[in-house]
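A.B. asks: One-letter residues, chain by chain:
2 protein chains.
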Amino acid sequence: MEVNIGLIGFGTIGTGVVKLLKENSGLIEKKTGVKLVLKRIADKDITSNRGVDIEPGVLTTDTGKIFSDPEIKIVIELIGGEEPARSFIIKALSSGKHVVTANKLVLAKYGGELHKLARENNVRLEYEASVAGGIPFINALKEGFVANKITRITGIINGTTNYILTKMEEGLSFEQALDEAKLKGFAEADPGFDIDGIDALQKLVIISHLAFGSKILMEEIYTEGISKITLEDINCARKFGYNIKLLAVAVNLNGELELRVHPALLPLKHPLASVRNENNAIYIEGDAFGAAMFYGKGAGQLPTASSVVSDAVRIAASLEGSHQAPGLFWGDRKLKPTGESVSRYYLRFPVIDQPGIVGKIGAILGKHGISITSIIASLAGNQGNEGNVEAVTHLVKEKNILASLQEVEKLSITRGPSVLIKIEE
Amino acid sequence: MEVNIGLIGFGTIGTGVVKLLKENSGLIEKKTGVKLVLKRIADKDITSNRGVDIEPGVLTTDTGKIFSDPEIKIVIELIGGEEPARSFIIKALSSGKHVVTANKLVLAKYGGELHKLARENNVRLEYEASVAGGIPFINALKEGFVANKITRITGIINGTTNYILTKMEEGLSFEQALDEAKLKGFAEADPGFDIDGIDALQKLVIISHLAFGSKILMEEIYTEGISKITLEDINCARKFGYNIKLLAVAVNLNGELELRVHPALLPLKHPLASVRNENNAIYIEGDAFGAAMFYGKGAGQLPTASSVVSDAVRIAASLEGSHQAPGLFWGDRKLKPTGESVSRYYLRFPVIDQPGIVGKIGAILGKHGISITSIIASLAGNQGNEGNVEAVTHLVKEKNILASLQEVEKLSITRGPSVLIKIEE
Chain S
1 MEVNIGLIGF GTIGTGVVKL LKENSGLIEK KTGVKLVLKR IADKDITSNR GVDIEPGVLT
61 TDTGKIFSDP EIKIVIELIG GEEPARSFII KALSSGKHVV TANKLVLAKY GGELHKLARE
121 NNVRLEYEAS VAGGIPFINA LKEGFVANKI TRITGIINGT TNYILTKMEE GLSFEQALDE
181 AKLKGFAEAD PGFDIDGIDA LQKLVIISHL AFGSKILMEE IYTEGISKIT LEDINCARKF
241 GYNIKLLAVA VNLNGELELR VHPALLPLKH PLASVRNENN AIYIEGDAFG AAMFYGKGAG
301 QLPTASSVVS DAVRIAASLE GSHQAPGLFW GDRKLKPTGE SVSRYYLRFP VIDQPGIVGK
361 IGAILGKHGI SITSIIASLA GNQGNEGNVE AVTHLVKEKN ILASLQEVEK LSITRGPSVL
421 IKIEE
Chain Z
1 MEVNIGLIGF GTIGTGVVKL LKENSGLIEK KTGVKLVLKR IADKDITSNR GVDIEPGVLT
61 TDTGKIFSDP EIKIVIELIG GEEPARSFII KALSSGKHVV TANKLVLAKY GGELHKLARE
121 NNVRLEYEAS VAGGIPFINA LKEGFVANKI TRITGIINGT TNYILTKMEE GLSFEQALDE
181 AKLKGFAEAD PGFDIDGIDA LQKLVIISHL AFGSKILMEE IYTEGISKIT LEDINCARKF
241 GYNIKLLAVA VNLNGELELR VHPALLPLKH PLASVRNENN AIYIEGDAFG AAMFYGKGAG
301 QLPTASSVVS DAVRIAASLE GSHQAPGLFW GDRKLKPTGE SVSRYYLRFP VIDQPGIVGK
361 IGAILGKHGI SITSIIASLA GNQGNEGNVE AVTHLVKEKN ILASLQEVEK LSITRGPSVL
421 IKIEE
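Protein chains in written order, with our numbering: chain S, 1 to 425; chain Z, 1 to 425.
A few of these clues could be false.
The list treats identical chains as interchangeable, and a pair is accepted whether it falls inside one copy or across any two copies.
Keeping only pairs whose Cα atoms sit at most 25 Å apart, straight-line, the calculated DSS-like set for lysine-lysine is [claimed, not checked]:
id : residue 1 : residue 2
1  : Lys149    : Lys35
2  : Lys422    : Lys35
3  : Lys367    : Lys73
4  : Lys336    : Lys399
Simulated from the structure, these hints should not be mistaken for lab results.
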């Protein structure tokens, strides 16, 4: 089934959506039976080269061509900011079109009325990409955890500040870390939106709306950014066994909500404490599922586009009126023979310790094309001259390592079967 | 909208579903507009007390009463094992009923034909609870990551073996760890299904069907359990910087699939290496979203029931023919005033170092009802008598800590504003 889409906003994320549909729309159709067709792309700038080929007639500066086209069922809004984005979403919903957006500000401020408008027009409003792009958290909250009373959500939901705090853990000052974040494209020229916690605040409002069903105003939430955090704070925290993270926190204690965005000390053993660099993670607790964590990129052109397109597919699939995707087996079936599998390995040979053992074993491994990153020979405590030779290999084919083991086990110096365990990285 | 459900299998998970619906069906209705009604529960044993009240006439030993009831739209199958579970699922689908199941074996072996049958009858077959119960991974794979070519999945998807390996890391032998797992209810009397990797294998087949669309036979997958892993292996691995985990691995390299279940060494810094005890986690990589991880309980009565009920709600919501849930604001709106927020805190007071400082500051904190878990006074290197007093508090109300700070800052010994950072745990 073909479903036509109109895209408003041909910036970084919009270009990512175009790229992703070009690359994977065949795959999406095989999986779901849905073929997404980008019928129109509207932007103020339709001349700049974004590095993707667009068919003639698709680009327009006139959003009206999207709203008035009865063939377009889904509008993807990716211009960001309050206006005209909000008006475009309203126009799309009022025109009976489903809307996919990543617009945090509009959702945080006007989520309630936009949902109402969508309902009145019997269309859907989806926004997986608005929080933690690439990580399917929003729909987990709406669907996967629907049977739960959500009791607590603790999130690292701003990649810029997490990157800066990670670099400060590594010894950079706040200013140096901010400069590096700008250099890497993780921070804007005007970084206040991220640094001051506003981005995390908007996302927390969206999450709270879905988790608790309560109307939350942004100005009601205590919000503190990371600009006051010093290297001394981070080092002192570490001394007591903590990392400092910018957290968005929502606690539902007997129906009373506590919502806040601020830097906080996290015990090093907390699952969120080890979330580094620009990554996002959300730790969520509920009365039935217990606790769960979602971790991933949280931003970037293709991760965010992945979330946007997943919403469009979700909507398109629901239009069919049927309940089933094409079924399970849409893919090729080409299995790699076990012996051809390539891994690094840990090896342990129980041996009778005598001079030249490491050389003998090393020679056999070498003969089978196996190179070693480290090798240790050791006596096994008080068992006389019984010892072990342990080695960690570079990448090697399974059949080669098995052949070498057979050969080593035939040596007179071995005193039992060798141990072989794959290494995953 | 009311949707009637028939439950087949009133064991641990079935009882969890009944409990969860009793507890949260009002909440579910507020969130989604869907009211799930458990019209029939079929089990061989309808006399044992499961600790939940069932209305008269609901319990039956005759599954036919479910299949022949036109009012029942969704059948939840939770008896497990191959037969009669498979026949019940077939009968339900053929009767035009949507099916929710957690049955790994039946899905791994017969997933393809059951999907086909569901499609032919225009009904849905959902099985979020079959892998990593409580963690909404299956629907993330089907929907959230739909726009991606999945390149790699690495999962800790058997809680029993992860619990045993964690206890071995703590120094227990395999047998001791297994005994403790049995004692805690994480391992069955006959633990082979978990220990030998069969449970993980069945789940890997289900995941691979969805991720790659390839028909996979269980006997094609290299499967090795943990019974050969010794304390020595774990200690040796640690020496080289690795933990040992039972992994289910699926790699898609240029369309060639590599699938395997086996114990593996994971570098300690790998996100999966720190997944402890009975918890599950799945690390997934795709061409657009990059990498993401899901973490959670993975098993247990209520986590699994949470996944089962989420599937039933998902189906029920799709029956409505409309596209919208009731909208956003279904919940109460009671915000906790910021000052009433209770946390532990880290405090740092920059001071001019002189005898009695810790006592003075401690006295002020005590006056405001703040108790301290640790306090350190230190000279700040080579700045003469300038130093810091640092403290970590017990739980305290925000307004009390702010009041105490004001008072400390008035002391003549302070040389600048104090630092106050919340601790989350």
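A.B. asks: All hints are to be evaluated individually against the structure, with a verdict given for each.
C.D. replies: Evaluated hints:
1. Lys149 to Lys35: Only across copies: Lys149 and Lys35 sit 16 Å apart there, 36 Å inside one copy, limit 25 Å.
2. Lys422 to Lys35: Answer is neither; intra-copy 41 Å and inter-copy 49 Å both fail.
3. Lys367 to Lys73: neither (63 Å within a copy, 65 Å between copies)
4. Lys336 to Lys399: Within one copy only: 13 Å inside a chain, 63 Å across chains, cut-off 25 Å.
In summary, the structure is inconsistent with hints 2 and 3 from the numbered list given earlier, while agreeing with the others.
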